[in-house]
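Q: Residue-level listing of the chains:
Number of protein chains: 4
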Amino acid sequence: MRALVVHAAKDLRADDWQDEAPGPGQVLVRTAAGGICGSDLHYYHHGGFGTVRLKEPMVLGHEVSGRVAELGAGVTGLAPGDLVAINPSRPCGACRYCREGTPNHCMDMRFYGSAMPFPHIQGAFREALVVDAAQCVKAEGITAGEAAMAEPLSVALHAIRRAGPLLGKRVLVTGCGPIGVLTVLAARRAGAAEIVATDIEDQPLTHAMTAGADRAVNVMKEADALAGYGADKGHFDLLCEASGAQAALVAGIGALRPRGVVVQLGLGGDMTLPMMQVTAKELELRGSFRFHEEFPLAVEMIAKGLIDVKPLITHTIGFDDAVKAFELAGDRSRVMKAQIAFN
Amino acid sequence: MRALVVHAAKDLRADDWQDEAPGPGQVLVRTAAGGICGSDLHYYHHGGFGTVRLKEPMVLGHEVSGRVAELGAGVTGLAPGDLVAINPSRPCGACRYCREGTPNHCMDMRFYGSAMPFPHIQGAFREALVVDAAQCVKAEGITAGEAAMAEPLSVALHAIRRAGPLLGKRVLVTGCGPIGVLTVLAARRAGAAEIVATDIEDQPLTHAMTAGADRAVNVMKEADALAGYGADKGHFDLLCEASGAQAALVAGIGALRPRGVVVQLGLGGDMTLPMMQVTAKELELRGSFRFHEEFPLAVEMIAKGLIDVKPLITHTIGFDDAVKAFELAGDRSRVMKAQIAFN
Amino acid sequence: MRALVVHAAKDLRADDWQDEAPGPGQVLVRTAAGGICGSDLHYYHHGGFGTVRLKEPMVLGHEVSGRVAELGAGVTGLAPGDLVAINPSRPCGACRYCREGTPNHCMDMRFYGSAMPFPHIQGAFREALVVDAAQCVKAEGITAGEAAMAEPLSVALHAIRRAGPLLGKRVLVTGCGPIGVLTVLAARRAGAAEIVATDIEDQPLTHAMTAGADRAVNVMKEADALAGYGADKGHFDLLCEASGAQAALVAGIGALRPRGVVVQLGLGGDMTLPMMQVTAKELELRGSFRFHEEFPLAVEMIAKGLIDVKPLITHTIGFDDAVKAFELAGDRSRVMKAQIAFN
Amino acid sequence: MRALVVHAAKDLRADDWQDEAPGPGQVLVRTAAGGICGSDLHYYHHGGFGTVRLKEPMVLGHEVSGRVAELGAGVTGLAPGDLVAINPSRPCGACRYCREGTPNHCMDMRFYGSAMPFPHIQGAFREALVVDAAQCVKAEGITAGEAAMAEPLSVALHAIRRAGPLLGKRVLVTGCGPIGVLTVLAARRAGAAEIVATDIEDQPLTHAMTAGADRAVNVMKEADALAGYGADKGHFDLLCEASGAQAALVAGIGALRPRGVVVQLGLGGDMTLPMMQVTAKELELRGSFRFHEEFPLAVEMIAKGLIDVKPLITHTIGFDDAVKAFELAGDRSRVMKAQIAFN
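Residue numbers (our numbering), protein chains in the order written: chain A, 12 to 354; chain B, 12 to 354; chain C, 12 to 354; chain D, 12 to 354.
Keep in mind that a hint or two might mislead.
Since the list gives no way to pick out one identical chain from another, each pair is judged satisfied if it fits inside one copy or across any two copies.
Stated by the list, open to error - Pairs of lysine-lysine residues, derived as BS3-like cross-links and limited to a Cα-Cα distance of at most 25 angstroms, are as follows:
| no. | residue 1 | residue 2 |
| --- | --- | --- |
| 1 | Lys244 | Lys149 |
| 2 | Lys315 | Lys149 |
| 3 | Lys335 | Lys244 |
| 4 | Lys232 | Lys335 |
| 5 | Lys21 | Lys232 |
| 6 | Lys21 | Lys149 |
| 7 | Lys244 | Lys66 |
Simulated from the structure, these hints should not be mistaken for lab results.
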C-alpha cells in the first residue's frame with residue numbers, strides 16, 4: 012500500500028508502506044476519507060511547530076474514515092463493508108490519568124501523526140490501516156467525508172464540554188478555521204443564546220454565519236468591534252479562543268463579563284495577558300486539549316442530523332493529488348476543510 | 012375591568028376588579044394572552060392542592076402577556092403598544108436568598124396567583140395589570156400567545172440548567188404535559204444526544220415527538236418499556252421528572268446510569284424511593300422550583316427561533332368563555348396548552 | 012493458615028484456608044489488624060442483608076492492614092516488614108465506568124467479603140493474603156490498627172468529596188457509628204464551620220463530640236431537636252446521612268436550607284421522602300458508595316496527623332476470640348470500632 | 012475626630028475629620044484596631060498603583076474593628092460596647108451582579124479606601140466610623156486585633172472557595188505576605204493534604220510553616236526547587252498565586268498536574284504565560300477578587316478557633332505613630348501584619 016509520508020518541510024511523498032494483518036481484537040480498514048488538519052500543515056510547511064520537530068519520516072493524518080475490510084479474532088459488532096470513523100486517540104488505559112478518566116492526558120499516548128515522542132507516532136494517511144476494534148465507530152447513513160469530520164468535531168465538542176452548561180449563554184468565538192466553525196456549531200447545539208464570531212479573513216466568517224453565528228466580525232476591518240462589548244464590565248459569558256493568537260485572547264478577555272470563562276483551544280506559544288482584568292473580573296481561563304470520549308458522540312451527532320458538518324468540507328481531492336491538496340489546504344481565503352479521497 | 016376570580020372549587024367568576032394607575036417605575040399593561048397552568052386547574056377543580064388551600068377569593072393566572080398601555084414616571088425602554096411578556100416572579104430583592112442570587116427561594120415572594128401566604132397573592136388573569144417595568148420583557152416579532160409561553164418555558168429552562176451540561180447526554184423525560192414537552196424542547200436545545208419521553212396518554216407523547224424526542228413511550232400500554240434501559244447498571248444520564256408521579260420517578264431511577272442525575276420538577280407529595288439504588292449508583296436527585304433569571308432568556312429563545320413553542324398552544328379561547336376554557340384545559344387527551352385571549 | 016469464614020447466620024468459624032504464593036506484581040502480606048464493619052455483622056447475624064444473601068461459605072472482612080512478607084516478581088517500592096494498609100477495592104480497570112474514572116461503579120468489581128456475585132468474593136480476614144502490589148499503601152509511623160481504619164475513613168472521605176466544597180458550611184451528620192464519626196472528622200477537616208451530629212444512643216454521640224462536632228443530639232431523648240433548624244427555610248448546607256434510617260433522612264431534609272445537599276451514605280431500603288420539600292427547596296440528594304482513589308489519601312491523612320482515628324478504636328481482640336469480637340461489635344452502647352488482632 | 016489621610020506619596024497625615032451621627036439602621040463605632048494592607052502601602056509609598064492614582068486626599072484603611080458606641084434607629088442585635096469586625100465591602104445591592112449573588116463585582120461598589128472612582132471612597136482609618144448595622148459582625152471572645160484580621164482572612168477564604176473542594180489536594184502557595192499565609196491557613200483548614208509555600212524572603216516562609224505548610228521554599232536561594240514537581244506532567248492540584256509576580260505564576264504552572272487549577276489572587280499587571288502548557292495540560296486559571304459573604308464566616312472561623320490568625324499580627328502601633336507604622340509595614344523581612352491601635 013501507499014502512505015503519505017512527510018520527510019521534511021515541503022517534502023511530502025506517497026511512499027510504499029508495509030501491509031499489516033489484523034491481530035486479535037483488531038480490524039483492517041480501507042481508508043476512505045482523510046481531512047487535512049492544521050498540524051498536518053505545520054509538518055508539511057515547516058517540519059513541525061514550536062519545539063515539536065520532525066526527526067524521521069512520518070506518515071501524516073489523524074482525521075480518517077474507512078471501510079472495514081477484515082476482522083481479527085474475537086471482533087464483534089463490525090462487519091466487512093461497514094463505514095467507520097477511526098478514533099486517532101490511543102491512550103494506554105493504565106496510567107494515572109487514564110485511570111482518572113482523563114485519557115487525553117495519558118502519559119503514553121499514541122495519537123496518530125505526532126512527532127512529539129521519538130520514534131514518532133505514525134499517522135493514518137495510509138491506504139489501509141490496522142486499528143483496534145475499539146477505535147472504530149460505525150458511521151451509518153453518512154458519507155465517508157462526514158465520518159472523517161468526527162475527529163475535528165470531537166475537538167470542538169470537548170471544548171464546549173470544558174465550558175460547562177451553555178443553555179442561554181452569550182458566546183464569543185475567536186478564530187474561524189474548521190475548529191472555530193465546529194465550535195460555533197457545537198455552541199449553538201449546546202443552547203447558546205448569542206454567538207459572535209471573529210476572524211481576520213472573510214471566508215471563514217461566512218462559514219461561521221452558516222454554522223449559526225448571530226454576528227461575524229472581521230477584526231482586520233473592524234479593529235474595535237469587540238470594544239463595545241466591554242461596557243458594564245463585559246458582555247460574554249464564554250470566549251472560545253480557537254485562533255491561538257494573543258490579540259484575540261486579549262480582546263476577548265476585555266469583552267467577558269465577571270466570572271466569564273475562556274476556553275483556550277487554539278494552540279499558541281507564550282502570550283501576554285492582562286492579569287489585572289483576569290483577577291478583578293474573576294475570569295476562568297481553561298485549556299482544552301484534544302478529546303477522547305467525545306469521538307463516538309461526534310459520529311452520533313452527525314448521524315442524527317444534530318450537527319451538520321457538510322458545509323465545512325469545501326474540497327475533496329484524490330490521493331494522487333495529495334501534495335496539491337496540502338498546498339491548497341493552507342489557503343484560508345478559499346478553503347475551510349480539504350479532504351483526501353482514498354482509493 | 013374584569014378579573015377571573017376563583018371563589019371555591021368549581022366556582023370561577025369574571026368579577027369586576029378595581030382599576031389601577033402605574034406609579035413610578037411601573038407600567039400599565041392591557042393583558043393579551045393568558046395560559047392556564049396546572050396550578051390554576053388545581054385551584055379551580057379542587058380549591059387548592061396538598062396543604063395549600065383557598066381561604067379567600069383569588070384571581071388566577073401567572074402565564075400572561077400584554078401590550079403596554081401607560082408608563083409610570085421614570086420608565087424607559089418601553090413604549091405604549093409594545094407587546095411584553097410579564098414575569099410573574101416578584102421576589103423581595105433583600106432577603107438572604109435574593110442576595111445570594113437565588114430569588115426563587117425568596118422569603119417574601121409574591122408570585123402571581125398563589126394561595127400559599129394569606130392574604131393570597133392575586134393573579135394576573137385581569138384585563139389590565141399594573142406591573143413593575145422590570146417584570147416586562149419586550150416580545151418583538153412573536154405572538155401574544157408565544158409571549159405567554161415564556162413563563163412555562165422558564166420553568167423548563169430552569170430545570171435544564173439545574174441538570175448541568177447536556178451536550179451529548181441521554182435524557183429521559185417522564186410526564187409530557189406542557190412542562191414536560193417544554194423540557195424536551197429545552198433538552199434538545201441544550202444538546203441532548205438522545206431523548207426518550209414517557210406519559211400515560213398518547214396525545215402528549217405526540218407532542219413530545221414533535222418537540223424532538225427520539226422515542227415516546229406510553230407506559231400504560233408498555234409497562235416494562237423502561238426496564239431494558241436498566242441493563243449494565245443503566246442507560247440515561249438524566250431524568251427530568253415532570254409528572255409528579257412516584258411510579259415515574261421509581262422507573263426512571265432504575266434506568267439511570269451510575270452518577271446519573273434526576274431533576275424533579277413535577278410537584279408531588281411524599282414518594283417512596285429505592286434508596287439502595289440511589290446510594291449504590293450514586294445518583295443525584297435535584298429539585299427544580301420555578302425560575303427567575305430564565306424569564307427574559309425564554310422570550311429571547313422564542314424570538315430568535317431557537318425554541319418553537321407554537322405547536323404546544325392547542326387551544327385559544329376568549330375571555331368570555333373562560334370557565335369553558337378551564338373545563339377544557341384539564342382534558343389531557345386533547346389539550347396541551349389552553350390560553351385565554353383577553354379583550 | 013486460618014480464615015474467618017461465615018457459613019450461615021451465627022455460624023462463624025476459623026477454618027483452615029489454602030496458602031498462596033505471590034505471582035508477578037503481587038505481594039504476600041501477613042495480616043495484622045482487621046476492623047469489623049457493619050456489613051460483616053449483617054452476614055454474621057443475619058446471613059446477609061436485603062436481597063444479598065450468603066449462598067456458600069465466605070471469608071469476611073475488608074478493613075485490613077498487615078506486614079509485607081514476600082514480594083512477587085517485579086514488585087518495587089515495598090520491602091518485607093513494611094506495614095501496609097490494603098485496599099479491598101479491586102475494580103477491573105477496563106469496563107466503561109473504570110475508564111470514566113469511577114471505578115467504584117466497576118461492572119466486575121471484586122470487593123473483599125461480598126456475597127453480591129456468585130461465587131462470592133472471599134474476604135480478607137485471613138492470616139495471610141496475596142494482594143496486588145497496587146492494593147498496598149505503605150503506612151509509616153502509624154499503628155496496624157490505624158492502618159486498618161483507612162478503609163472506613165475512605166468511605167467518609169469519598170462522601171465528603173461527593174458533598175463538594177465544605178469550607179464554612181453548616182453540616183448535619185445523622186447516625187454516629189464509625190462511618191458517621193469518621194464523616195464528622197472528615198467534615199471538620201474539610202473546613203465545616205458548624206457540625207451537628209445525631210444518633211439514638213449516647214455513646215456514639217460522645218465520639219462525635221470528640222471528633223469535633225459542635226453539638227450532639229440524642230433524637231430518642233430530644234425528638235424535636237432538629238425542628239428548630241427548619242426556621243427561615245432551613246439552616247444546614249449539608250446533611251450527611253450515615254444511619255440508613257428513613258426518619259433521620261426526613262428530619263434532616265426539613266433542616267436543610269434551599270439548595271442544600273444530602274449525601275446519603277447509610278445503606279437502607281426503600282424510604283418515603285417529602286418530595287415537595289425536595290422540589291420546592293431545590294435540594295440535592297446524592298448517593299455515596301464506597302470509594303476508590305481515596306484509599307491512599309486516607310492513609311496519608313492519618314499518617315500526617317490531619318485526621319485522628321485512634322479514639323474510634325475502642326476494642327482490639329485476638330484472632331482466637333473472633334466470634335466473641337463479632338458478638339461484642341454489635342453493641343452500639345459500648346463499641347465504636349472493634350478490631351481483630353491477627354497472630 | 013482624627014483620620015489618617017494620604018495627600019500624596021509619602022504624605023500621610025492625621026487630619027481632623029468631621030464627626031457623624033448614625034442614621035436609621037446605622038451604628039457609630041469607635042475604631043479599635045486597623046490593619047495596614049498592601050494597597051494602603053501602595054497609596055502611601057507611590058500615590059497609587061497601576062492606573063489607580065490619588066486625585067484628592069483620601070482616608071486609608073479597610074481592615075478595621077471597633078466597639079459599638081451608639082445605635083441608630085431600628086438597629087437590633089447590637090449593643091454599645093460590642094466588639095465588631097467591620098465589613099469594608101459596601102455593594103449597591105441592586106445592580107445585575109449584586110442580584111446574581113456576586114456583590115464583589117458590584118457596578119457601584121463603595122469599598123473603603125479606594126481611589127478607583129472619583130470622588131474617592133474614603134477609608135476606615137478614622138477614630139470613629141458610622142457604618143450600616145449590616146456591616147458589623149459581632150466578634151465575641153477574640154481581640155480587636157484578631158477581629159481586624161477578618162478582612163484579609165475573607166480574601167483568603169474567598170480564594171480557597173474559588174478553588175473548589177480541597178480535601179486531600181496538593182497545594183502550592185506562591186507569595187507569603189499576609190494574604191499568602193492566610194491562604195495557607197485556609198487551605199489547611201479546607202483539608203489540603205500537602206501544602207508547599209514559596210517566597211523570596213525567609214521571614215514570610217517561617218510564618219507559612221507556622222500556618223501549617225509542609226514545606227517552605229525560598230526561590231531566591233533555591234531557584235529550581237519547583238522544577239522537580241513538573242515530572243510526570245506535574246504534581247500540584249492547585250496553585251494559589253498570592254504574589255502578583257509573573258515568575259511565580261509561570262513556575263507554578265509548570266508544577267501543576269493536568270486539570271490543575273490556578274487561583275490568581277495576587278494583583279499584578281500584564282504577565283506572559285506559557286499558554287501551550289495551559290492548553291495541553293487543560294489547566295484552569297481563575298481570578299479571585301476581594302470577597303463578600305465570607306466576612307462573617309471569617310469572624311466565625313477565628314472565634315471558634317478553627318483558624319488562628321494571632322501569629323500573623325507581628326506589630327501593633329499606636330495611632331499617634333501611624334506614619335512610623337506605615338514605614339515599618341513595608342519591611343517584609345521583619346513584619347507580617349502591622350496594625351494600628353486606635354485611641
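Q: Which hint numbers does the structure go against, in order from smallest to largest?
A: 3, 4, 5, 6
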